[in-house]
Structure formats: C-alpha cells, structure tokens
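Asks: Residues per chain, in single letters:
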Amino acid sequence: MTGRGLDLKFYGPWQMAAGVEEYFLPLQEDITVSNLLRKLDSAFGGGFSTRGEGLICYFGDTGEPIALKMEDKVFPGSTVIFLGIIESG
Amino acid sequence: MKGYQGKIAIVDLKERTSREMPLDEDLAGKYIGGSGIGTFLLLRYCTPETKPLSPSNPLIFMTGPFMGSGIPTSGRHQVVTKSPLTGVFLESDAGGSFGFHLKRSGFDGLVIIGRSENPVLLTLIDGKVGFQDGEPLWGLDTFETEERLKSKFGKDTGVSCIGPAGERLVPLAGIFHDGKDARAAGRGGAGAVMGSKNLKAVVARGSAHTDFFDRKALTVSISGTNRVLKEKGAGMTLYGTVGGMGLAEELGDLPVRNWKQGSWKEEVNEITGQKMAETILTGNYGCVACPVRCGRVVDLGGGNIGGPEYETMAMLGSNCLVNDLDAVARANELCNRLGIDTISTGSVIAFAMECFEHGILTEGQVGMPLQWGSGEAVNFLVRKIGEGEGIGGLLGKGTRAAAAELGGGADKFAIHSKGLEFPAHDPRCFKSLAAGYATSTRGACHLNGYSYAWERSASFPEFGYFEKQDRTVDEGKGIMGARFQNLSSLADSLKICKFTLLMGVSLSDISLWLKCVTGRDVAIEELERAGERIFTMKRIFNAGHGLSRINDTLPERILNEPRGSGGSADSLPDLQAQLDEYYSYRGWTMDGLPTPEKLEELGLREFLNWLPK
Chain A
1 MTGRGLDLKF YGPWQMAAGV EEYFLPLQED ITVSNLLRKL DSAFGGGFST RGEGLICYFG
61 DTGEPIALKM EDKVFPGSTV IFLGIIESG
Chain B
1 MKGYQGKIAI VDLKERTSRE MPLDEDLAGK YIGGSGIGTF LLLRYCTPET KPLSPSNPLI
61 FMTGPFMGSG IPTSGRHQVV TKSPLTGVFL ESDAGGSFGF HLKRSGFDGL VIIGRSENPV
121 LLTLIDGKVG FQDGEPLWGL DTFETEERLK SKFGKDTGVS CIGPAGERLV PLAGIFHDGK
181 DARAAGRGGA GAVMGSKNLK AVVARGSAHT DFFDRKALTV SISGTNRVLK EKGAGMTLYG
241 TVGGMGLAEE LGDLPVRNWK QGSWKEEVNE ITGQKMAETI LTGNYGCVAC PVRCGRVVDL
301 GGGNIGGPEY ETMAMLGSNC LVNDLDAVAR ANELCNRLGI DTISTGSVIA FAMECFEHGI
361 LTEGQVGMPL QWGSGEAVNF LVRKIGEGEG IGGLLGKGTR AAAAELGGGA DKFAIHSKGL
421 EFPAHDPRCF KSLAAGYATS TRGACHLNGY SYAWERSASF PEFGYFEKQD RTVDEGKGIM
481 GARFQNLSSL ADSLKICKFT LLMGVSLSDI SLWLKCVTGR DVAIEELERA GERIFTMKRI
541 FNAGHGLSRI NDTLPERILN EPRGSGGSAD SLPDLQAQLD EYYSYRGWTM DGLPTPEKLE
601 ELGLREFLNW LPK
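Quick note, the sequences are listed as chains A and B, same order. Take the first sequence: its position 50, counting from 1, is numbered 50 in the numbering used here, and each next residue is one higher. Take the second sequence: its position 487, counting from 1, is numbered 487 in the numbering used here, and each next residue is one higher.
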C-alpha cells in the first residue's frame, strides 16, 4: 500500500473489466461498496456498478475473508478483493 | 530418494503378514505416486477375473511426492481398487489428513490383500505393521470409530475406517476419515471392499521425515502461491463449494428432480452456501496444507459436525426437490456416520422417487410414501441404504442394478455411466462433460477430467485456453476433455487438489515444485505425457474387462431430453461427435481402445496383454 487509499485486487470478470490485476485508489475517508463501484466505473469506463457473479471481500485481522455488501463501508488502508464465481465441486 | 519414504507396505490380512515393496526411482519417475502407482499396483495384483468382494481384490492407499512438503493442498491420498458397484476400475481422491499420517508412518502407500477371518484393525506405526482385534469396533459408525481410536492411539493419528454400510458390503459404501469432518474416499464402493476383508479401520501414526531436494527454493515459490490461492479461494472459504449452488441453477447445471427439470430459481436459495452462512454454519476447515479451507462446519443442535458441500447439497437436495437445509444437512451427517457416498445415495433416492411417482415402487415396498421434496423421505432412505435393510438393500446396489431388478421401465430413471451415478454437473449445460463422463474410467465423474471448469470460469494458458470456453458447442470438447483427464491423472498422482489448477497453478509451477521436491527435471510436456500414461493405464484395466466404445455411454435423458427451462433449456450434447474427436486425439481406435503402438509410445508395453486380442 502506498499513500492513503485502498489497495484493490481484481480476479475473473472484474479483472477483465478493469484491465489490470491490482489498482491503488487514493482515498481519504471511508466509502460504501456501492460508491466504490461507482468510482471504479469512472476510473475504468463501466462494468463495476453491478456485482454480477462473484463477490467482493476483504481479509480481516484474523486472516479470514469477510464478504462485503453494497451498504458496507471500507476504510483507507484496506485491501479489497473482487472475485469471480465461487467454484462448486 | 527425495520426496518419498521409498517403500510400500504389502499386507496379507488372511496370513496376518506384511512385507515392504521398494518404491524406487524408476517407479516414481514413470508413475509418480497416488493414482499412477496405485493403478500400476492394481494392474499387478488384480485380473479381469478378480471379483470385487473377493479376498484377492487389492485395496490400495497411495500418497504422492508432494505430501509433507507444504505445497498448497498436498495433503491428499488416493484409494484404488476394483469397484463392487461398477465391476471395473475405481479410484477415489481423498483430502483431509489421513494421507499425511500414512506417509508419516513411514510408508508411501499400502496394499491390502486377503480377508481376515475376524474383524481386524490394521496399524501402521513408525514403520511397523500390526494387527489388532477389530471386533470391539464392529458396528460403530465412522464418527464413533475415529473417536475410539484416537482416544486409544493419540490425537496425532490418522484413522481411515468404514461404517456399518461397509461392514454390510453395501455397494455405495465409502471409506471415511477425520471423524466428524468426514473426509472420504466416497465413490464406487471402496468401503464395501474394505468390509469384505473384515477390515474395520487402518490407523497410521509416526514421525517419519521426508527429504526434499531444495526446501529453500520451494518455500519461496509456494509462499506466493499460497497468497494467491487464499485470495482466489476466498469465496470457497466463506461459502464452501455450496456457494456455487445459485450459479449452477442459473446456468442450468444443477440436477433438479432426477435431472428432469430445468429451473428451480426460488427454491435453490434455501440451500446455498450463503444461506448456510446465515444459519447453521459455525466454521470452516481444510485439508492438510490447504489455504482455502472449503470444508463446512455446522451445528444442527448436537454440536459441530461437517456440513454438506455442493455435490451433497445438489444430489440430496435439488435432485430430490428438497430445499430444507436442515434436512439435507442431517442426511449428510447420516451418510457420513453410516459410511455411504452422498452422490450415489442422492441419485438413487431421486431414482426411487421417480419410480414411486410412476408406480414402479409402492409405499408397501418402501415403507413410506416417497414424495418429491420430502426431507423426511430422504433421511428415511439414507438410513435404509446405509443399514442395507428393506428397500435399502435394493437401492444400495445403485441405480443400474436397482433398475434391472425392478424392471417396468425403471432403467429410464437410472442416471449413471458404467454404473456410477452422475455427479451434480450436467452435460447439457457444459458440453465437455458428455465425453468426459462417458470416458471417465470409474464411471460418470466430473473429477476424472475437470474440463467443465474451462467452460465455466477457469483458463489454462499452457494448453491454449486463454479464456472461458463456449460451453454450448461440441466441437473441441473431446480434445479438451482428454487434456483435462491427463491433468487430473497428473494431479491425482502428485496428490494436489484440482482446485489449484482452476486458480492459476500451472504446469510450470508443478515442474518447479517437482524439481524442488525430488530433484528431477521434468518438462511440462513430459508432465502431460505422464498424465496421459497414467490415464491410459486405467483405460487398459477397463479394456481388459471387455469395455470399449459401446460402454462409453450416457443415459437417454441426458442425450435426448432437454432440461426444458432455465439456463440450458434446449441444449443437448452430441456425444458421438465428441467421442470421435476424443479417440482420434488420444490415438486410440474408433472402438475406444488404446493401440499397441500407443502403449509402446507411453512405455506401457508390459500391459499389452490387457488389451483384447
């Protein structure tokens, strides 16, 4: 992480929409997931405002992933992960 | 020899003797471990005349060279034998911890032949094989057996056991380990083979160390892979493979009403991993060395137990039109305790429900009405099947045999290939599964070759699959299926989880890891060649049992009846076109037989006599 903001990692269709695997979004204060998606729509030209398949999550202090809903907030200094579909066995 | 203990225990239960078979560089170099060496041993010890429940059918447990190295997901082992359900080749890839303990006991693998006169417990402890009285354990379920044996031998012990189903030789019986976490060599009746030997459990314990060629380079490589797998696998960590139920329904992949129905849009939401996370989920667990931890821990009111994953939820749930999460979770627990395969059990229950619907089975025969959607009926039948009683005695034989006994058109409702019931993915949705299931060496299996993953989400650039493939077309799917079968055979021999191949692990990674572990330089082309060699051995075993193209079939329902609604409403696979492409790619005859030239090319000359004259 460099500066104040969010480290974002994209996998699957999110990566295709972004065109990159990782992205640093400068951010000074917390933001809801839905607003984050709108910001990324502006940054990457669309494709982020609907979740589609997959999920958005971050890793908490225990090292376990925590799923994020649209109204959840994320805070500067966090790493947020955008994942493709959940594999079934 | 780096990466191996260098020996396999050969145990004769009748004579109560054991000896050590060396696992040398030649064997390891050619067949690697796990599935490869397991199949080689099966070809050595078994003949086409060997009956699956006879003392001479070997029961083989094999680890791989990656075990103990810390390579992500390397904590798996393979069980290989001849199946009492299908009569042909059987292997099961099992996660959990038993393989770890087996290798730590000082052995790379274990071959069990003969039949003990009385119930027996086999121990492999610090390089020594022992036999103990198994009578006190006989009749216990798998949870109780594990608990009793860990209490006796210590927490740091691997226990692989059968439940009452295996003891009663139910053809749907599996071999279970890790107690309430319930990991299994589930499919095809390996538990019945174990029961036929009067073998209740294998206990493995030890502190044997495995040498690796370059531990430092390996540690650097896998730390990056672990991070990526942890991130990419976060969905499975959170929701398990059951997290994929909703998408499976949306795409038209989910089995619904014995594969007859297309959509189940609203109902499926009650039995997803996401729903489980809001209700009965209390935690997760993983196999040894796995950063993903897709296993579910649930509490149904009696304390924590292993919860259902996708296959179980689909086969005991949607396939029976049951959307009661509690009922499916209880059925899962019962299957695990009794020691039966949840996939085949769910399939045969749906088969029974459809037979009941059509009057081929009656309430008098069953003992209760078999209504679609009844969780009570599912649990009732699970118990009957696991205990081999009443209608369970018939259904426990599997759909093929049960349909043959019932007659009256019941065969239309038996959804299997070669006698092994379909797992929970539909070839009408993912076309590559048509040739995949039909040519799978143990019968219908999505793991024998995991090609549908390349039609669903995953890519594999080393094979030229740079993006998700079109699941609706047949062209190219025979080749795709064959290539993933080779990969699966490789993964099953090294003993890593196939999920890693969907989450970015490449053949280049595997080549590096193999070098770090064993010191052997193996190019990626040779890795695929090894997978092809190992897969072909399994095909040879089946060819020796008279199987050929005419057995590479799928049920009429899958070939000729569209789902009718949902994401794959009108789609039907062209199996014959896929098979033509598949056999041609493999260099086999159009009758589906490997040629002598192919066997020479793959270094399998010693098995020429298995091919039909």
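Fair warning: there could be bad hints in the mix.
As the list claims (entries may be wrong) - The calculated lysine-lysine pairs, modelled on BS3-like cross-linking and capped at a C-alpha distance of 25 Å, are:
| hint | chain 1 | residue 1 | chain 2 | residue 2 |
| --- | --- | --- | --- | --- |
| 1 | B | Lys598 | B | Lys30 |
| 2 | A | Lys73 | B | Lys598 |
| 3 | B | Lys468 | A | Lys9 |
| 4 | B | Lys598 | B | Lys613 |
| 5 | B | Lys515 | A | Lys69 |
| 6 | B | Lys265 | A | Lys69 |
The hints are simulated quantities; they were obtained by calculation from the structure and are not laboratory data.
Asks: Each hint: holds or not?
Replies: Now the hints, each set against the structure:
no.	hint	verdict
1	Lys598/B <-> Lys30/B	16 Å, holds
2	Lys73/A <-> Lys598/B	60 Å, violated
3	Lys468/B <-> Lys9/A	20 Å, holds
4	Lys598/B <-> Lys613/B	15 Å, holds
5	Lys515/B <-> Lys69/A	44 Å, violated
6	Lys265/B <-> Lys69/A	22 Å, holds
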